[in-house]
Structures are given as C-alpha cells and as structure tokens.
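A.B. asks: Chain by chain, the residues run as shown.
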Amino acid sequence: MVGIPDRRIIEAFGLTKVYGSGHTEVQALRGIDLSLSRGEVIALLGPSGAGKTTLLTVIGLVHPPTSGRIVMGGKTVVEDGRFTVDVLSFRRQHMGFVFQKANLIPFLTAAENVRVAMEINDQSPRAARRRAMELLDYLGVVNRADYYPNLLSGGEQQRVAVARALANQPGLILADEPTAALDSVRGRQVMELFRKVAHEQQAGVIVVTHDHRALDLFDRALEMEDGLIRGNPTAAP
Amino acid sequence: MNLALKDIRHNFGRFVLTAIGIGLLLMLVMGMGGIYRGLVDDATLLVNRIDADLWVVQKNTRGPFAEISRIPANAEDRVRAVPGVASSNDFVSHTIQREQAGRPLRMTVQGLSWPQDNGTWLPLIAGRRLEQAHFEMIADKSLGLPLGHRMALGKDTYTVVGLTRNMASTAGDSMVFVTLADSQAIQYDQSGEAVRLERQARRSRASDFDPGRVQPEILNRAAGPSAGIPALGPSPVSAVLVKVAPGADPAQVAATITSWPDVSVYTAEAQRQLLVGGMVDKSRRQLALFSGLLIIVSAIIMALILYTLTLDKIHDIAVLKLMGARNLVVINLILQQALLLGTIGYGIAYGVGQWVFPIFPRRVLIVNEDLWLLAGIVLGISILASLLGIWRAMKVQPNEVIA
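As you go down the protein sequences, you meet chains A and V in turn. With the first letter of the first sequence counted as 1, position 85 gets the number 84 in numbering that gives the first Met the number 0; the numbers rise by one all the way through. With the first letter of the second sequence counted as 1, position 240 gets the number 239 in numbering that gives the first Met the number 0; the numbers rise by one all the way through.
For reference, chain V alone in the conformation it holds in the complex (with noise of 0.2 Å):
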C-alpha cells in the first residue's frame, strides 16, 4: 500500500492547488531564467546573424549598439581595398516609434546592402526577401504587421514582403528591414519646412564669402537639394561589416584598418563582448541575483509546504510507528510526496509557460540546458525541503498517540 497516493487520493483538492501553487512559483523561476536567457540571446542576436569577422566603427566608439557610431558611407568601399578583405557592407541601424492603430510602434529599423544583401540570412517564417531597391520591407512578426501591410514611414510608404521570427534589438524592439538607401531615407527624414530652411541657411552663408557672391552658380547650388552639392558627401552610416577572404589573416585586415585614423574596428567576438559586457551587463546582472533570490524562495516555501503538510500527518506518522511501523515507511510517505510535488508542480510550471511566455512582451527563452538545471534544482529541493518534515516525523514518539 503505497501511503502517499492514499494520502493524495484523500486529499487530492488540497494537494491539486498545492501543486498548482508550487508549479506556478516554479514558473516564475522558469520564466525569470527565459528573460535572462532572452535578454543575452537578443542582444548578441544581430552579431550572430549577420555573421560579420569585423565591424568597423567610428574611432574611439563602441558602436554600434553600445553607442553612437558614425563613419563616411565611403568607408565601405575603402575596406574593401584592404587585402584580405572578401566583402564588405554599410551597416545602419536606428530605432524610431510610430503610431499602428493607436499604439505605440517601436522598431528597430537595419538597412540592408541591397542587392548584395537581400536578408537571406533572416530567418524568414513567410513571404520573401527583399525584390525591389525601395519600399519594401521585412518585419518581425512581433510587431503584428502581416504580409502585405502598408507603412508610411517617412515621406514613403512600405510594404510588408517577409515576416522574420524573434528578430529583437538588445532593447527588446522588433527589427524591421529595409534597403540601405531606404533606413537613410527614414533616418534623415525632414519636413520640407526643415529642409527649406536648411537651404536658405546654405545660402545665406554661401553669399557671405567672396566665392559665393562672384559666382552666382555656387549661391543656386546652395539653394538647392543636397544632392547637387559635391562638397557634401552621402549620409553617414553606422559601421561597414567586413567579411576577411578565405585564408586571409582577420587580425591582419583588423590591424591595417584599426591603424587609419578615423575608425577603430572590432572582431564579432569583442562586439559580443561590448553587448554582453558593456551594454546589457547591468540587467544580466540584476535577472541572474533575482533568479536567484526567486530559487532560494522558492526551496523556502516549498520547504514550508512540505513542512506543513508532514505536521498535518504528525499525529497519524505517531500511530503507524507505534504500531512498529519502520522509519522508512514514514519517510516514503514524505519523500514521494515531496517529489511528487515538485515533478507535478514542474510540469505545470512548464505547461503553463509554454503558453504564458509567448505573451510577454520580450523574448522568454527556455533552453534544454535551463530546463534540465531548475529539473536537477527542484529535485534537490523537494529533497532538501522533506527532510525539514522527515527530522519532525523522527522525533515523533508513539506514546504521543497514548498521552
């Protein structure tokens, strides 16, 4: 006769909530290791992605996720010359909000190489990559936009062509992708007030120097779009991503381009570094003390639970060891219930948050790993937390049941 299940069986409500209770502490710890597991895999996840040897930024900045970053577009094609070098690409990234149904719309928005980048390497859950030079764009599926969405972002409007699955930013914001030309377009949007003044700004301080007031063509170039301009060169981009050619030596190329003076540039593994390191440091940091604090509360009032639940049979654990009943029958009767417990409580905790977690707002990420951890911390916990009841049931003395 098994006398735990006797015991469960008879009180099998008070033993179901209980389960539930301790399955949903359980998740909460589950859930908390998601977000750290999210928080570090979201931020390193572009990195990952796009699978750059180096990145090359402005000098002196850690960009360009760890801060501001701005070098000439033309830095691209002075890497490319660097031997060693097989490919390089502009990299923009900026992160604006807009208004969708009357929410707010925050997104990452990454400009893509178009042609040579087509988003071939997202992971694409529908439609397609990129086709056109303009006005199309790939989203994330978090930002509910669906295939064929219409965006008026800046002075134009975009269509929706591809949905991506848990592209985020280290901030937690869905990404968008566009062609490079298109995130510039976005970037550096002006309203056409801004941008007559701008012009009439140009003039005014072309018509102070000598060349402007002689020659009447620099003083209409002045007035016109930017682009007429000669003097000034395409918008910035945040940071050219080098490929290093097969058999080439990165850290050669790395230390060709780290010697000119306007960039500084960093391997995949340091970016890495500057994110996990640097930028998302201090909330690892703060997820990982309150997992946890969240775990040794947990091991407390399961340990309470348990506790009380061997009282509740303190006086019954009496008759059965008056009646000759030997130690390992009343410590059965604990330990399988405490593991009964946990193993029921961890099945809730990871059925429900199979179906909780994906409403959170930011990336919950159970890995195996993870799992088999809070397993192995659950069963030493259902352990540790009995014998606080198995030490009360042995001190229990028969002739209580007598006196």
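Extracted from the complex, chain A is given alone in its bound form (with noise of 0.2 Å):
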C-alpha cells in the first residue's frame, strides 16, 4: 500500500455490526477477524443475507463497524466502531473499488472515467491524463478511451471500472460480485485480471462473489454465513 510500508494490508479484529434496534435490531456481523497480505487475493463467499457486502462496506470504511478494530497497513483506522482517520482521504488514497454494474459515470468517457479519481486525489490534470491511458492499454480497453460508457459492452465497462480502481495505486481493491453481469468467460477474464493486478501491483483484493468457477484463481476463498466466517479466515494461504 503506497505510504503504509507493511506486508499486512488490512487485519480486523472483532468486527461487529447492528443495524437497528429493539425488534428490528439485526446483527449483521457478529465479531469478524480478518488479514489480508499484499498480492493476496481471497474470494468472499455465502448466501444472500450472511454480511458479505456489509463487511465490504466496513472495511471499505464506507461505514464504521458497531465495534471491533481495522489496521491498515500497520495504521489504526478504525477503534472501537470510530474512524481515527479521514476516511475520504484514505479511500481516496488507498483504495479501488469495483461493483457488480461497473458504475461509471455515464457523462465522462472511458478515460476521464478514471482520470476522475485521479484528479478528486490532487493530481494534475496531464499526470493524470498519462496513467489513464497507460492503465486502460494494461487492461486491453485503450482502443475505447474516448468512448462513453454506453457505447462499451459489459466486459469494457468492468475493465474501465477495474482500471479506475487501479488508478491512485491502491493497496486494497475491494469488489462486490464484479462478475455478476457477465457471462462465465468474461467473468473468468475479470478475475484473472484481479489476479494479475494483485501479483504485479502488489494490491490486496477482496473479491465477494457468487461464482464458484473461478475459485482456482484465488488464494483463499473465506465462506461467510450469519455474519460469522467459517474456518479460519487469518490463516495463510
């Protein structure tokens, strides 16, 4: 993780969620413990309703735990259920995200889709406008830069989506079911590019998913059931 020198890139201890309270209270994570290493990539899987995209949301410091303690990259993040960092900044800096729809933003092409994120992150505009390019020929999409998303099909949209991730050299990637919308070749391509990206960028990536196919291309597979993990989820590879 660029600015946080340590081999961990995230590890939660006793990550706990309640949504509610009273009769509606719902329990959504229930004392998480998790490590992630750098070119590390784990699959998070379970059924529908077992906190997947909530401890996707956790992590992603989209919002506090109820309780429980992130480090990152040896820095603490979260402390009993607060942020002890600017978490705009650190999302910002330090983190990619990719979506079940690529979600881009449909006014902007294919580059400016990820020069975004690198300009909101104090780039300058040329900087940017150079490892746009230079991220879109990685993925094999240069030839649509300057296309809308609209005019890109699905497997396109999720390698700008995956390239705009990349874009401030984040030390975590965290996607929510980014095969979701695409068929099983596609889809394998996808994962086989957060593979890559892991292993040549050194990123961390948390991968929630449904498809079981792909499991071979990931380091761990972490079965996540009533907001508990099975298994030993800090265990290495």
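I should point out that these hints are in silico values taken from the structure, not numbers from a laboratory. Do not rely on the hints blindly, as some may be mistaken.
What the hints assert, rightly or not - BS3-like cross-link-like pairs, simulated, lysine-lysine; straight-line CA separation at most 27 Å:
| no. | chain 1 | residue 1 | chain 2 | residue 2 |
| --- | --- | --- | --- | --- |
| 1 | A | LYS100 | V | LYS140 |
| 2 | A | LYS100 | V | LYS394 |
| 3 | V | LYS394 | V | LYS5 |
| 4 | V | LYS140 | V | LYS154 |
| 5 | V | LYS58 | V | LYS281 |
What the hints assert, rightly or not - Computed Cβ-Cβ distance ranges for the label pairs, DEER-style:
| no. | chain 1 | residue 1 | chain 2 | residue 2 | range |
| --- | --- | --- | --- | --- | --- |
| 6 | A | ARG229 | V | ASN1 | 46 to 52 Å |
| 7 | A | GLY139 | V | GLY12 | 29 to 35 Å |
| 8 | V | LEU4 | A | ASN149 | 15 to 21 Å |
Stated by the list, open to error - Listed next, the stretches of chain A that the computed footprint assigns to chain V, with coverage defined by at least 3 CB atoms under 8 Å from CB atoms of chain V:
| no. | stretch |
| --- | --- |
| 9 | 54-66 |
| 10 | 101-115 |
| 11 | 119-125 |
Ideal Cβ placement from N, Cα and C applies to all residues, glycine included.
Two chains, two frames, some hints: make the complex.
C.D. replies: Laid out in structure tokens, this is it:
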C-alpha cells in the first residue's frame, strides 16, 4: 500500500455491525477477524444476507463497525467502532472499488472515468491523463478510451472500472460481485485480471462472489454465514 | 476536470432545452417588469416632456388626464396676466378611433399652441415639426403612418410631416400632434345635419324671446355660424400650461390662480402623482403583484429543474463519494450547473426579449436597474435552487452504490 509500508494490508479484529435496535435489531457482523497480505486475492462467499456486503462497506470505511478494530498497513483506522482517520482521504489514496455493475459515470468517457479518480486525489490533469491511458492499455481497452460507457460492452465497462480502481495505486481493492453481470468467459477474464493486478501491483484484493467456477484463481476463499466467517480466516494461504 | 461542463457536454440537447425553458420563463419576468415600467413611464410621459411648472384645470377636477377638464380658452389670457408667469399655453387632449386599412386606429390627439409651440420638445425620429397653422400632423411611429401619409379627420385631411417614438397616452394609445385649432376642430366636429339642426334650434329659441322678435338680425345671427355670435365663446380647452418666470415663486403663482373660483392648479409633480397614484395605480399594483408571483413561480420551477438534474446524477454522486471525492467536488458540480443555467437562461431572456418586446402593443420598457435587479434575483435563485440539490446530494451515502 503506497505510503503504508507493511506486508499486511489489512487486519480486522472483532468486527461487529448491528443495524436497528430492539425488535428490529439485526446483527449483520458478529465478530469478524480477518487479515489480508499484499498480492493476495481472497474470495468472500456465502448466501444472501450472510453479511458479505456489510463486511465490504466496513472494511471500505464506508460505515464504521459497531465495535472492533481495523488496522491498515500498520495504521489503526477504526478503533472501538470509530474512524480514526479522514476516511474520504484514506479511501481516495488507498482503496479501489469495483462493483457488480461497472458504475461508470455516464457523462465521462472511459479515459475520463479513470482520470476523475486521480484528479479528485489532487493529481495534475496531465499526469492523470497519461496514467489513465497507461491503465486502459494495461487492461486492453485503450482503443475505447474516448468512448462513453453506453457504447462499451459489459466486459469493457468492467475493465474500465478496474482501471479506475487502480488509478491511485491503492493497496486494497474491494470488489462486490464484479462478474455477476458478465458471462462465464468474461467473468473469468475479470477474475484473472484481479489476480494479475494483485501480483503485479502488490495490492490486496477482496472479491465478494457467488461464482464458484473461478475459485481456483483465488488464494483463499472465505465462507460467510450469519455474520460469521467459517473456518480460519486469518490463516496464510 | 470540470464535471459540470462534462455533464453538460454529454447531455447537451437536454441542457439547451432546459436553458431555453428557463430563458423564456425569465423573459416573462423581464417583460412583466418592462410592462410595469412602460405603464408608469407612459403615464407621466407627457407631463415630463411638456415640462410645464403648473397645470390649470377645471375647478375641483383632477384633469386633464385623470378626468375630463374643460376651461374657457380665454383662461390662458387671464393666467398670462398673473405676476410671475413667463408663458401660458392652451392644452387640448382627446382620444379618437378611426379605421385605417380595415383595422381600428386609436390615437390621442394633442393640440399644440402653434406658433409658440411647434413641437420642439417632441422626440422626432423623422420628418419635421409643424410649420403651418393647419392640416399638418406629427404622429407616433407605432401608428404605422409613414411620412407624407394623408389622413381624413373631421372634415379636413391632415398630412404626416413628422414621426416620434414612444409617445403614448396613459391608456397606451399612440399620440398625434396637431395645432390647437385643428385639435378642437377634430374634437368638436359635427355632421352638416347636426350643424343645421343646432342652428335651427338656436333660431327657434331666439324667436321665443322679445329681443329676437323685435330684432330680426338676432334671428339671422342665431341661424348662422357660431363664430358670428359674440355671446358664444371659442371652444373650451382641457387645461392651461404655465411656465413660471425665473426667480418667481411657483407656489405663489399657484396660490394666486387657485384663488380664482373656476379653476384648480396642480404642479407638475402633483400631476404626476395624480397619474401614477390614481389613474394607473390599480394596473400598476396588479402588474407589480403579478411580477412578484412570476418571480416566485420561476424560482420554484428553477429549483425543481435543478433538483431533478441532481436526482438524475445521484447515483454518480454516490460513486464519486465512494471514491473519496470531497464534498466540494459534488457542490461544484451542482452549483456550477445551476449558475450556468441561470446565466444562459438570463442571456436568452435578454436576447429574445430584445426581439419580442418591440412587437408588444404596449411599450415594454427595460431599464438597466431592472436588468441588474433581475440578474441579482436569477443569481440568488440559482444559488438557492442548487442548495436543494446540494442538500440531497450531501445525504447520499456511498454504500448506495454497493447496495
């Protein structure tokens, strides 16, 4: 992770997340422990309602956990269910997100969608433009740089979304069912892309997925159920 | 990267249509303000142009504009004799309607005390002033009468020798200017039969009295033209305009004339108050209220448009927030679009208005103060309207993208 010189990208201890209270209380996470190293790709499996997406939002610093601690690159970012860093800045600099739908901004071209991630992180427009083209080239969609998202295929859109997630050289990439909208061939290509990125750019990747056909591409697969991870989530691959 | 401009570029057609819609709405606001200004300006136009210090009218009337006033023509001679009066002129004003090329032509006829007053104070845009005692006319351009046009009024034909611009009465009728004598001839024109009947009636009345029975010449005079009967004075006028001599006290002159039992006197300012505060007061207030309502409606419509534009982008805003975009990035996106829409809409309103307002039947007077005021209002509306969108955008949670 840039600026965070630690082999461990993320360590989470005793994460809980409770929604509502009283009769409407839902325990989405029930004490999650998790660790992820640089270059590692893990799959998060489980049925709907298991808490996968909630875990992703907590690790992605979108919502604080109800309790627990998160350390990223040796730096505590959540303590006792409270953020201890500027989460916007932290997300900009150290995290990349990929979703089930590409969620590209429709009024920006493919290249601009990648650039915007860098420009909101205070990179100069010139440097952002150069890196955007490099990333699109790296992901094989440079020939679509000036196309708007509605003119790209699903696979191309997802590649651009991955390029955007990589724009600020994040240490952690969080992907929520990124292949759900793709056919099996393109889905596998995207999963291979995550593996390539993780290994070549030394980023940690957590992928929420229902697709068991590509599990061979992951270093670990964690099964979630009722807000808990089965087995030993912190074990090395 | 300017996200607001990128969004506009991508949705250019929708943006242009929205800007046109807002522009036309603002044009209505601008036009309504212009109509208000035009109404007030038209009401006081003649009083301001004539620039008389005092207006002498029929006793206990608010004439000659707010109500009918008739005073003897010789009142001018009496007024001129008052110490402190530099000059006095008869004033005649009446409205007529004629047919011209199959359409009704309404005009307010103003009589000028020619030769002392040949229309020097009129804003001529073509032609010349009155150079003859009769049968010449200066007409406002809005009547559509070209120079040299000949028009029958009463029993005479008048030639248009000069054209003015924006000379309209309180009611919005275009003005024509003729000599005082011609004005009265037009006003008191009667058909030949009516004249004959009047003369016959006079003869009949005279024959009922002893002097008529013993003086045949009286009966002959009674049956002849009015001008031949010394007992009948010249036709009355609407008012007498007074210019006070330099150094003289207008209040003193007014007090002197007011003491006469047959006339009332108003200063130019009092005359303006009679017009604005009385004659056009209800129209003026109605327009002002309507303008206010139009501004409120415009503000609501603009707010809804900007809010809808924000709602369209709410998912993209959530994506930006998830990526860690600062609030300022989102605020700029919404605010810049709002200001651009407001500015372009204002420009369209002004541009289209310059083309459309002159077509209006009544004068639409756009003054710089109103333009600046409306610009300020549009700026305020744009900012306030965008606040609604910004408020909604600030409430968006980044996890909406993930969910």
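A.B. asks: It remains to establish, for every hint, whether it holds in the given structure.
C.D. replies: For each hint, the structure was consulted:
1. Between A/LYS100 and V/LYS140 the alpha-carbon distance is near 67 Å, which puts this suggested pair outside the 27 Å criterion.
2. For the hint linking A/LYS100 to V/LYS394, the alpha-carbon distance of about 22 Å falls within 27 Å, and the restraint holds.
3. Between V/LYS394 and V/LYS5 the CA atoms are separated by roughly 23 Å; this keeps the pair inside 27 Å, and the hint holds.
4. For a cut-off of 27 Å, the pair hint linking V/LYS140 to V/LYS154 stands: about 24 Å separates their Cα positions.
5. With a C-alpha separation of about 25 Å, the suggested pair V/LYS58 and V/LYS281 falls inside the 27 Å cut-off, and the hint holds.
6. Distance hint check: the CB atoms of A/ARG229 and V/ASN1 are about 49 Å apart, consistent with the given range 46 to 52 Å.
7. The given range of 29 to 35 Å is respected by A/GLY139 and V/GLY12, whose C-beta atoms sit roughly 33 Å from each other.
8. Checked against the given bound of 15 to 21 Å, the beta carbons of V/LEU4 and A/ASN149, roughly 19 Å apart, stay inside it.
9. By the rule of at least three residues with a Cβ nearer than 8 Å to a Cβ of chain V, the coverage given for the stretch 54-66 of chain A holds, with 5 such residues.
10. Three residues within the 8 Å Cβ limit are the bar, and the stretch 101-115 of chain A against chain V gives 8, so the coverage statement holds.
11. Check on the stretch 119-125 of chain A: 3 of its residues sit with their Cβ under 8 Å from a Cβ of chain V, so the three-residue criterion for coverage holds.
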